[in-house]
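Visitor: Here's the letter readout for the chains.
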Amino acid sequence: MIYCKVNQLTLEDYININRFIQNNNTKHITDCFLQVIAKYTDYRGTISLIDGVVILLFLRSISIGASTTGKKNNVKIDISFMPLLENLQNLKIPKKEIKVGDLTAYIATPFSFEEVDYENFIYSVGISRAESQSLTVLEQKQLFHNLPACAVNKIQEFVSHIDILLASIDIYIADEKVDIKLLNNSLFEYIKFFYTENILSVQQKIIKIIQITQLDTGYLLSLPPAEINILYQFIIDEEKRQDNQSNNRGTVIPGTPRSAT
Amino acid sequence: MKDFKQILDAVKTVSDNQTVQIFVPSDGSKKIFRLLTAKQQKDLIKTVTEKNISPILFIENINSIIATNSVEKYNFSISDRTYIAAMLRAYSISKDFTSNSITVDLTILQDNNIKLDETVCQKTIESSELKINCKIPSLKEDSAYNTALIDVSKNKSTAEVLGEIFIYEVSKYITCIESIPLNFNIKLDDMNIKQRCQLVENLPAKVYNEVIDYINQVRAQENKNFTVNGKIIDIDLDQSFFTA
Numbered sequence: 001m002i003y004c005k006v007n008q009l010t011l012e013d014y015i016n017i018n019r020f021i022q023n024n025n026t027k028h029i030t031d032c033f034l035q036v037i038a039k040y041t042d043y044r045g046t047i048s049l050i051d052g053v054v055i056l057l058f059l060r061s062i063s064i065g066a067s068t069t070g071k072k073n074n075v076k077i078d079i080s081f082m083p084l085l086e087n088l089q090n091l092k093i094p095k096k097e098i099k100v101g102d103l104t105a106y107i108a109t110p111f112s113f114e115e116v117d118y119e120n121f122i123y124s125v126g127i128s129r130a131e132s133q134s135l136t137v138l139e140q141k142q143l144f145h146n147l148p149a150c151a152v153n154k155i156q157e158f159v160s161h162i163d164i165l166l167a168s169i170d171i172y173i174a175d176e177k178v179d180i181k182l183l184n185n186s187l188f189e190y191i192k193f194f195y196t197e198n199i200l201s202v203q204q205k206i207i208k209i210i211q212i213t214q215l216d217t218g219y220l221l222s223l224p225p226a227e228i229n230i231l232y233q234f235i236i237d238e239e240k241r242q243d244n245q246s247n248n249r250g251t252v253i254p255g256t257p258r259s260a261t
Numbered sequence: 001m002k003d004f005k006q007i008l009d010a011v012k013t014v015s016d017n018q019t020v021q022i023f024v025p026s027d028g029s030k031k032i033f034r035l036l037t038a039k040q041q042k043d044l045i046k047t048v049t050e051k052n053i054s055p056i057l058f059i060e061n062i063n064s065i066i067a068t069n070s071v072e073k074y075n076f077s078i079s080d081r082t083y084i085a086a087m088l089r090a091y092s093i094s095k096d097f098t099s100n101s102i103t104v105d106l107t108i109l110q111d112n113n114i115k116l117d118e119t120v121c122q123k124t125i126e127s128s129e130l131k132i133n134c135k136i137p138s139l140k141e142d143s144a145y146n147t148a149l150i151d152v153s154k155n156k157s158t159a160e161v162l163g164e165i166f167i168y169e170v171s172k173y174i175t176c177i178e179s180i181p182l183n184f185n186i187k188l189d190d191m192n193i194k195q196r197c198q199l200v201e202n203l204p205a206k207v208y209n210e211v212i213d214y215i216n217q218v219r220a221q222e223n224k225n226f227t228v229n230g231k232i233i234d235i236d237l238d239q240s241f242f243t244a
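Protein sequence lines correspond, in order, to chains A and B.
Counting along the first sequence from 1, when you hit position 59 you're at 59 in the working numbering, and nothing is skipped either side.
Counting along the second sequence from 1, when you hit position 230 you're at 230 in the working numbering, and nothing is skipped either side.
Calculated directly from the structure, the hints in this document are not laboratory data.
Ideal placement from N, C-alpha and C gives every residue a C-beta, glycine not left out.
Mixed in with the good hints, there may be bad ones.
[As the list claims (entries may be wrong)] Below, computed lysine to aspartate or glutamate pairings styled on DMTMM-like, alpha-carbon distance capped at 20 Å:
hint : chain 1 : residue 1 : chain 2 : residue 2
1    : B       : K42       : A       : E139
2    : A       : K205      : A       : D216
3    : A       : K99       : B       : D9
4    : B       : K39       : A       : E157
[Claimed, not checked] Label-pair restraints from in silico Cβ distances:
hint : chain 1 : residue 1 : chain 2 : residue 2 : range
5    : B       : D3        : A       : L221      : 43 to 49 Å
6    : A       : D179      : B       : L162      : 31 to 37 Å
7    : A       : K95       : B       : I32       : 32 to 38 Å
8    : A       : I77       : B       : D105      : 54 to 60 Å
9    : B       : T243      : A       : K99       : 18 to 24 Å
10   : A       : N74       : B       : D105      : 55 to 61 Å
11   : A       : I2        : B       : V71       : 42 to 48 Å
12   : A       : H28       : B       : K224      : 56 to 62 Å
13   : B       : I212      : A       : D175      : 56 to 62 Å
Generate the whole structure from the sequences, applying the supplied hints.
Guide: Structure follows, in structure tokens:
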């Protein structure tokens, strides 16, 4: 578990994420999420997959909301990811390491939604955890090639252990249990699902807001999507209120004092 | 904080110094081997993803590991392969091996130091017209067949590949085919692998089956080093053997 400050996502970046998801290139989507994490949090270390998913769900909850609309038997229902977020935050991920003489290589799940190789799990090496240094992709490969064979077993044990922890989380989308595993892309699909909102409706809302309020587009794009919804709702309510007022004015009986209506 | 090259050198030194003495049945002596590295284990497991040629690639990887990890240069025989592989697995990955729900400590095999019987190292099979000289092939010879087989097996169905594997397996045990009535004496070493297999494919069934009997005798000899308390520990040398 890591602790970091998280800022609200702007509508502009949210639209960009949606575009990447629509293009459906896993590498690009992974890179896009990594950039989002770097931009909106103060965390600067190597990020693990579970921590990355927790940050992205938290970012989604504070910027857009913690639920989305799904369908069950053709009926619209609200689907919340808060149970998953809470469970993931409470996961006790084991610390695995491989001893090689005086050195220790540390294992973590790489933040990648693409297929990962065993070597990508060796994220740092040093005499102690405090002194350990992060590795580049090339260094990971070189180091892995020279580690004793038990490294592969440690990584396999690590993945199985996390999968056992994930299997204990009961997550349902429209009454269907989601089989969450570390390397079966389920977390990726979950994140994609919650970052895929109907962009068209958001764009329609922005156009409506601009038409009525003459607010600057750049300013609106810099707001979090949740605030756009609030602003839009406020404008709609205000429009209705004014309509009601003018309708009421139309029914005033001539000769009656205004204060009496 | 050390620079990465220093760290890498330190890891290499540790890995190189992790050695074990393993009995080599064809030589009847123990030889020093470096333990498996993570890459070697990963490469062995990864061969499972190759469709038709997966078992050949796997065996080729084992041959290469035995040659690379042996500190002393030696012309290893096919009959050394399973025993050395089992010991490398026991000392590098885990000594516990589970087969048919029974877990065996592979290190108990280290006391089985039975030299390959000279009588099975070579054999001559004779029929009325043919004389076939057989010999246990070396890993180097096995690799030559494997390379050719990988080439032949590309773009072939699994059934076709299995047929090829069978012929290649028999061919590698034959060194010479002689016929006095037909006046020829062919050393298979003088032919390319494809020609050798074509020749073996056309042997009379009786002779061919005698070669298979010889291969089975060799296997029975190899099994002596896997026998504990009168029972053979059945090891299928495949990718799953290298996952603990």
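Visitor: Now look at each hint and say whether the structure bears it out.
Guide: Hints versus structure:
1. K42(B) to E139(A): 17 Å, holds
2. K205(A) to D216(A): 14 Å, holds
3. K99(A) to D9(B): 15 Å, holds
4. K39(B) to E157(A): 17 Å, holds
5. D3(B) to L221(A): 43 to 49 Å: 45 Å, holds
6. D179(A) to L162(B): 31 to 37 Å: About 35 Å separates the Cβ atoms of D179(A) and L162(B), which means 31 to 37 Å holds.
7. K95(A) to I32(B): 32 to 38 Å: Given about 35 Å between the Cβ atoms, the range holds.
8. I77(A) to D105(B): 54 to 60 Å: Check passed, 56 Å falls within 54 to 60 Å.
9. T243(B) to K99(A): 18 to 24 Å: 21 Å, holds
10. N74(A) to D105(B): 55 to 61 Å: Holds, at about 60 Å.
11. I2(A) to V71(B): 42 to 48 Å: The hint (42 to 48 Å, Cβ to Cβ) holds, given that I2(A) and V71(B) are roughly 45 Å apart.
12. H28(A) to K224(B): 56 to 62 Å: At 58 Å between Cβs, range holds.
13. I212(B) to D175(A): 56 to 62 Å: 59 Å, holds
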